[in-house]
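Going down the list, the sequences are from chains F and V.
Mapping of the first sequence onto my numbering: position 431 corresponds to residue 431, and the numbering continues sequentially without gaps.
Plus 1000 on top of the position in the second sequence (first one is 1) and you've got my numbering.
Simulated from the structure, these hints should not be mistaken for laboratory data.
Computed from a prediction, not measured in an experiment: that's the story for all the values here.
C-beta: ideal position from N, C-alpha, C; glycine also.
Where hints are given, some of them may not hold.
Among the chain V residues that face chain F by a calculated CB cut under 8 Å, a handful are [unchecked claim]:
{"hint": "1", "residue": "G1014"}
{"hint": "2", "residue": "S1017"}
{"hint": "3", "residue": "V1035"}
{"hint": "4", "residue": "E1037"}
{"hint": "5", "residue": "Q1059"}
{"hint": "6", "residue": "K1062"}
{"hint": "7", "residue": "Q1063"}
{"hint": "8", "residue": "K1111"}
Think about it this way: if two alpha-carbon atoms lie no more than 27 Å apart in a straight line, the pair counts; the simulated DSS-like pairs of lysine-lysine are [what the hints assert, rightly or not]:
{"hint": "9", "chain 1": "F", "residue 1": "K356", "chain 2": "F", "residue 2": "K202"}
{"hint": "10", "chain 1": "F", "residue 1": "K309", "chain 2": "V", "residue 2": "K1118"}
{"hint": "11", "chain 1": "F", "residue 1": "K309", "chain 2": "V", "residue 2": "K1072"}
{"hint": "12", "chain 1": "F", "residue 1": "K533", "chain 2": "F", "residue 2": "K503"}
Okay, the calculated beta carbon distance ranges per label pair [claimed, not checked]:
{"hint": "13", "chain 1": "V", "residue 1": "R1010", "chain 2": "F", "residue 2": "R357", "range": "54 to 62 Å"}
{"hint": "14", "chain 1": "F", "residue 1": "G119", "chain 2": "V", "residue 2": "S1032", "range": "55 to 63 Å"}
{"hint": "15", "chain 1": "V", "residue 1": "P1041", "chain 2": "F", "residue 2": "I288", "range": "43 to 51 Å"}
{"hint": "16", "chain 1": "V", "residue 1": "R1010", "chain 2": "F", "residue 2": "K503", "range": "17 to 25 Å"}
{"hint": "17", "chain 1": "F", "residue 1": "L106", "chain 2": "V", "residue 2": "T1034", "range": "30 to 38 Å"}
{"hint": "18", "chain 1": "F", "residue 1": "F112", "chain 2": "V", "residue 2": "S1032", "range": "37 to 45 Å"}
{"hint": "19", "chain 1": "V", "residue 1": "R1010", "chain 2": "F", "residue 2": "R175", "range": "18 to 26 Å"}
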Amino acid sequence: MKAMSGAQIFVDCLKREKVDTLFGFPGGAVLNLYDALLQSDIRHYMVRHEQGGVHAADGYARATGKVGVCLVTSGPGATNTVTGLATAYMDSIPVVVFSGQVPTLLIGNDAFQEADMTGISRPITKHNYLVKSHKDLARIIHEAFHIARTGRPGPVLVDIPKDITAEVGPYEPVRKVELQGYHPSTTGHPGQIERAVNLLLKARRPVLYTGGGIILSNASRELRRLAERLRSPVTMTLMGLGGFPGDHPLCLGMLGMHGTYRANMAISHADVVLAVGARFDDRVTGRIDDFAREATIIHVDVDPTSISKNVAVDIPIVGDARTVLGQMLELLKRPKYARTKPADRTEWLGRIEDWKREARLAYPAEGTLKPQFVVEKIYEVTRGKALITTEVGQNQMWAVQYYSFKRPRTLFTSGGLGTMGYGLPAALGVQVAHPGKLVIDIAGDGSIQMNIQELATASQYNLPVKVAILNNGYLGMVRQWQELFYEKRYASVDMSFQPDFVKLAEAYGAAGFRTDKPEEVVPILKEAFATPKPVLMDFRISREENVYPMVPAGARLTEMILL
Amino acid sequence: MRHTISVQVRNEFGVLSRVSGLFSARGFNIESLTVAETLDPEVSRMTIVTSGNEQIVEQILKQLRKLIDVIKVNDLTGKDFVERELALIKVSADEKTRAEVLRTVDIFRGKVVDVTAKTYTVEVTGTEDKIRAIVRLLKPMGIREIVRTGRVAVPRGD
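Construct the complete structure from the given sequences, taking the supplied hints into account.
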């Protein structure tokens, strides 16, 4: 047994967890940890604000499927991670945040830079720890990683007092994590699976409703096979985009508030709905009593609390999405089912075609620069091969409506919490994960100003992310609601004063472009994507463009405001 | 409907705030909550009395099971279980009421655990109904203070 300092143990545990990348921001309480990191080959990206650090770790985790790691100091450093933690928690992203804490003897004394981080982060983490002694440190670090990545993934915070990082004591590497009360189910109940498969085969009007769980459990291949075997159309939530190819003939597109007309009509008329890794969020269901009211609902989720939380489920199946879909496919290969064809879907698929023709995604061409046009051009120029992050608001909805995601882990967006300021720091994490790929943050002029400081991080570490600002000089989504539901009484949404984004880009060592002319969009995109450094593009779009179609909050999904 | 839930938890610091925070964050109702160590010093047992419709209680049970520090959750409602609550009641006892207080305590098989010139402090154990009944009878004599443990419960048999 070797004697090691807490800081050395910290580094050793990170190595054992195969962590090679950290995002963070130093400070007094974590000086020992940073000092020990100097002796390791772990890459550290110093962000400009701790919120950016957690979002970057979150983007890295979404891009790689690994646990994203963020290191911050005590007090304000730690409290700045709150929005990042809540973002990761709502979207079930595996992130571990290490925060420094004041020395053990000072805890509770209102010491300098002290905050009760386990108290503050309790409702926005999957679990959290305050390390109370040197001998617990290694066990807790490994438990944190285990909890973050297993079951329904999520963020874990580990608060480490400074004295423990300095203390030298015996260290025996931890071989195995055992948590008495934590055994997430992965395999679904075979009887329930057989009932589900029978229902799906017999259904006349089935819909697969799929969410972020497909991406998190790497189940897209299984999903595609199942959809094709069952000849069942598939709709995705915002978090599920990319989990099923956007250009597949069975793809209905996104459902919900700004989903496609055909997706919302299909789920409202379905007779069997298979929900996988989705949680019946209010932005998806509209008026809850009317959601899929004609359907028998099968719900596959790794988290039992998601099942029958918002909607009564007929066949609950607790398990990992990939494992359960795999079990369904296996069952369908057995002699009993191998030759069973699904019920005739011709009429159902025909109705869906009709809905598609009735209301396609469209926007008025008026000669001015339209945000939808910009996103379409981004899709065309990149041939859909870029990695897209978004901010939150109209930009987020236009990005997902007009860019078609064909593969998982190509869209990075704050779905559950709806965090403005997520896109740029998340793009840094994605770029670190995929150095050779084109990473684009589709932003709004409001959101981008919430974490604009991370442009400095991008320039310092040569992370050539591209930011396309859909600039309407408004907090556009709030303005849209004020226009539609508050008789155009615009309250505190006018952002017509803003920095000169081109000069700002240059000030940060990035390149800047600006236009309000449709014909200049493609040349700017091409030049931006060929520029080997960060780029900020200021697209001056028509100011009062709205996101359509739209289901007003609390209305039925069939009550869409079309264009 | 009322439910009595028995929860075994890891005796970690902060576990009480995780459980109570879960109830407050999701708008669940706690009528009483007791907690103390079991034979294994690393495990504590909580007894939670809560109420809600079937769907809410199902969520409460699932959410409790989801907490990392929770080892086992057992909804005792509808099962055969023993429940007790303890109350300490400080009641005025002057010359006129003294005998009546003692008689009442005796009927309820309670004990007087502290005496002053003007008060008796009475210990009484039983189901909630029993506690409520003695409180009702002692009230006219003047209850100065009352403290109750909340319900503890354990399943009957093996």
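We went through each hint and held it up to the structure:
no., hint, in the structure
1, G1014, "holds (6 Å)"
2, S1017, "holds (7 Å)"
3, V1035, "violated (16 Å)"
4, E1037, "violated (16 Å)"
5, Q1059, "holds (6 Å)"
6, K1062, "holds (4 Å)"
7, Q1063, "holds (5 Å)"
8, K1111, "violated (38 Å)"
9, K356/F - K202/F, "holds (24 Å)"
10, K309/F - K1118/V, "violated (55 Å)"
11, K309/F - K1072/V, "holds (21 Å)"
12, K533/F - K503/F, "holds (15 Å)"
13, R1010/V - R357/F: 54 to 62 Å, "holds (58 Å)"
14, G119/F - S1032/V: 55 to 63 Å, "violated (23 Å)"
15, P1041/V - I288/F: 43 to 51 Å, "holds (46 Å)"
16, R1010/V - K503/F: 17 to 25 Å, "violated (56 Å)"
17, L106/F - T1034/V: 30 to 38 Å, "holds (33 Å)"
18, F112/F - S1032/V: 37 to 45 Å, "holds (40 Å)"
19, R1010/V - R175/F: 18 to 26 Å, "holds (21 Å)"
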